[in-house]
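The residues making up each chain are set out below.
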Amino acid sequence: DTAVSQTPKYLVTQMGNDKSIKCEQNLGHDTMYWYKQDSKKFLKIMFSYNNKELIINETVPNRFSPKSPDKAHLNLHINSLELGDSAVYFCASSQEQVTRGYTFGSGTRLTVV
Amino acid sequence: AQSVTQLDSQVPVFEEAPVELRCNYSSSVSVYLFWYVQYPNQGLQLLLKYLSGSTLVKGINGFEAEFNKSQTSFHLRKPSVHISDTAEYFCAVSSGYSTLTFGKGTMLLVSP
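Which chain is which? The protein sequence lines are A and B, in order.
The first sequence begins at -10 in the numbering used here and counts up one residue at a time.
The second sequence begins at 2 in the numbering used here and counts up one residue at a time.
Fair warning: there could be bad hints in the mix.
Which residues of chain B face chain A? A few of them, derived with a C-beta cut under 10 Å, are [stated by the list, open to error]:
{"hint": "1", "residue": "Phe35"}
{"hint": "2", "residue": "Leu45"}
{"hint": "3", "residue": "Leu47"}
Under 8 Å between C-beta atoms, here's a sample of chain B residues computed to sit facing chain A [claimed, not checked]:
{"hint": "4", "residue": "Arg23"}
{"hint": "5", "residue": "Ser27"}
{"hint": "6", "residue": "Gln43"}
{"hint": "7", "residue": "Lys50"}
{"hint": "8", "residue": "Leu52"}
{"hint": "9", "residue": "Glu89"}
{"hint": "10", "residue": "Phe91"}
{"hint": "11", "residue": "Gly97"}
In silico BS3-like pairs for lysine-lysine, Cα to Cα no more than 25 Å straight-line [unchecked claim]:
{"hint": "12", "chain 1": "B", "residue 1": "Lys105", "chain 2": "A", "residue 2": "Lys30"}
{"hint": "13", "chain 1": "A", "residue 1": "Lys(-2)", "chain 2": "B", "residue 2": "Lys105"}
{"hint": "14", "chain 1": "A", "residue 1": "Lys29", "chain 2": "B", "residue 2": "Lys70"}
{"hint": "15", "chain 1": "A", "residue 1": "Lys8", "chain 2": "A", "residue 2": "Lys56"}
{"hint": "16", "chain 1": "A", "residue 1": "Lys25", "chain 2": "A", "residue 2": "Lys41"}
{"hint": "17", "chain 1": "A", "residue 1": "Lys30", "chain 2": "A", "residue 2": "Lys11"}
{"hint": "18", "chain 1": "A", "residue 1": "Lys11", "chain 2": "A", "residue 2": "Lys25"}
{"hint": "19", "chain 1": "B", "residue 1": "Lys70", "chain 2": "B", "residue 2": "Lys50"}
{"hint": "20", "chain 1": "A", "residue 1": "Lys25", "chain 2": "B", "residue 2": "Lys70"}
{"hint": "21", "chain 1": "A", "residue 1": "Lys25", "chain 2": "B", "residue 2": "Lys50"}
{"hint": "22", "chain 1": "B", "residue 1": "Lys50", "chain 2": "A", "residue 2": "Lys11"}
{"hint": "23", "chain 1": "A", "residue 1": "Lys25", "chain 2": "B", "residue 2": "Lys59"}
Just so you know, these hints were derived from the structure itself, not from any lab.
All C-beta atoms in this analysis are idealised placements derived from N, C-alpha and C, irrespective of residue type, glycine included.
Assemble the whole structure, with the sequences as input and the hints as a guide.
Printed below as a string of structure tokens:
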């Protein structure tokens, strides 16, 4: 039933580790996104991806990489985790034309210790 | 480039009082405007959106917003709030094919 699902919901890991967050949407949307929400609730776009192109926010470190095995999935892989990566990460999806807005997942709270 | 400014980081209000959450945007092209709500420990949920047509837009949970092109504003209002409206509210803008750009959010705190 869930439109956009993310796993895991919580992730606690040590500095230097590599981790992945999975995202799946069953809405038939064209485009998927990753947002980072910091401790002040600010939402920052990290990536947007459809079957035509990947758009990367230039401020995102290259330790972060999106991986899309198919149109319904956009996973986020993070290498060499740092303390500053601690945040809530949201996956979202939309049609290519965003007139209907985004549908968000429930978020993954990443804590790096 | 497009941007969104939410003028208040926090708005405290008593239950059953009216509330207005302010949002101003800037964009060099025509825009679509959105309000999202985030309840504690949850994802974002669409409250309402303005695409075109009537400048007064009604959304879920009794919220409404008015698009004002001359003032580049899209303020969110509710005539009578409930405790359950306590949440973070985000205004967002898109030019249609671009990603959504969000404001920094306004925390609505409703107390009895």
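For each hint, the structure was consulted:
With a cut of 10 Å, the hint placing phenylalanine 35 of chain B at the interface with chain A holds, because the nearest CB-to-CB distance is about 5 Å. For leucine 45 of chain B, the shortest C-beta to C-beta distance to chain A is roughly 4 Å, which falls under 10 Å, so the interface hint holds. Here the hint on leucine 47 of chain B is kept, as its CB sits about 5 Å from the closest CB of chain A, short of 10 Å. Annotation: arginine 23 of chain B was flagged as interfacial toward chain A, and the flag is violated, the nearest CB pair being 17 Å apart, outside 8 Å.
Given hint, serine 27 of chain B at the interface with chain A, is violated; its Cβ is 17 Å from that chain's nearest Cβ, farther than 8 Å. Taking 8 Å as the C-beta cut-off, the interface hint given for glutamine 43 of chain B holds, the closest approach to chain A being about 6 Å. Taken as an interface hint, lysine 50 of chain B checks out: its beta carbon lies about 6 Å from the nearest beta carbon of chain A, inside 8 Å. A hinted interface residue such as leucine 52 of chain B counts as satisfied when its beta carbon comes closer than 8 Å to some beta carbon of chain A; here the least separation is about 5 Å, so the hint holds.
Look at glutamate 89 of chain B: its Cβ gets to within about 6 Å of chain A, closer than 8 Å, so that hint holds up. At about 7 Å, the closest approach between the beta carbon of phenylalanine 91 of chain B and any beta carbon in chain A falls short of 8 Å, and the interface hint on this residue holds. Because the closest C-beta pair between glycine 97 of chain B and chain A is about 6 Å apart, less than 8 Å, the hint holds. Using a Cα cut-off of 25 Å, the hinted pair lysine 105 of chain B and lysine 30 of chain A holds, with the two alpha carbons roughly 7 Å apart.
Annotation: proposed proximity of lysine -2 of chain A to lysine 105 of chain B holds, straight-line Cα distance about 23 Å (limit 25 Å). For the given pair, lysine 29 of chain A sits about 29 Å from lysine 70 of chain B by alpha-carbon distance, which is inconsistent with the 25 Å threshold. Using a Cα cut-off of 25 Å, the hinted pair lysine 8 of chain A and lysine 56 of chain A holds, with the two alpha carbons roughly 13 Å apart. With a C-alpha separation of about 23 Å, the suggested pair lysine 25 of chain A and lysine 41 of chain A falls inside the 25 Å cut-off, and the hint holds.
Proximity of lysine 30 of chain A to lysine 11 of chain A is assessed by CA-CA distance (about 21 Å); at most 25 Å being required, the pair is judged to hold. Under the criterion of a C-alpha separation no larger than 25 Å, the hint pairing lysine 11 of chain A with lysine 25 of chain A is consistent with the structure, at around 14 Å. Proposed proximity of lysine 70 of chain B and lysine 50 of chain B is supported: the alpha carbons are some 15 Å apart, at most 25 Å. The hinted pair formed by lysine 25 of chain A and lysine 70 of chain B fails the criterion: a straight-line CA distance of about 30 Å is larger than 25 Å.
Restraint check for lysine 25 of chain A and lysine 50 of chain B: satisfied, since their Cα atoms lie roughly 22 Å apart, inside the 25 Å limit. Of the supplied pair hints, the one linking lysine 50 of chain B and lysine 11 of chain A is violated, its CA atoms being roughly 28 Å apart against a limit of 25 Å. The straight-line distance between the Cα atoms of lysine 25 of chain A and lysine 59 of chain B is roughly 29 Å, outside the 25 Å bound, and the hint therefore fails.
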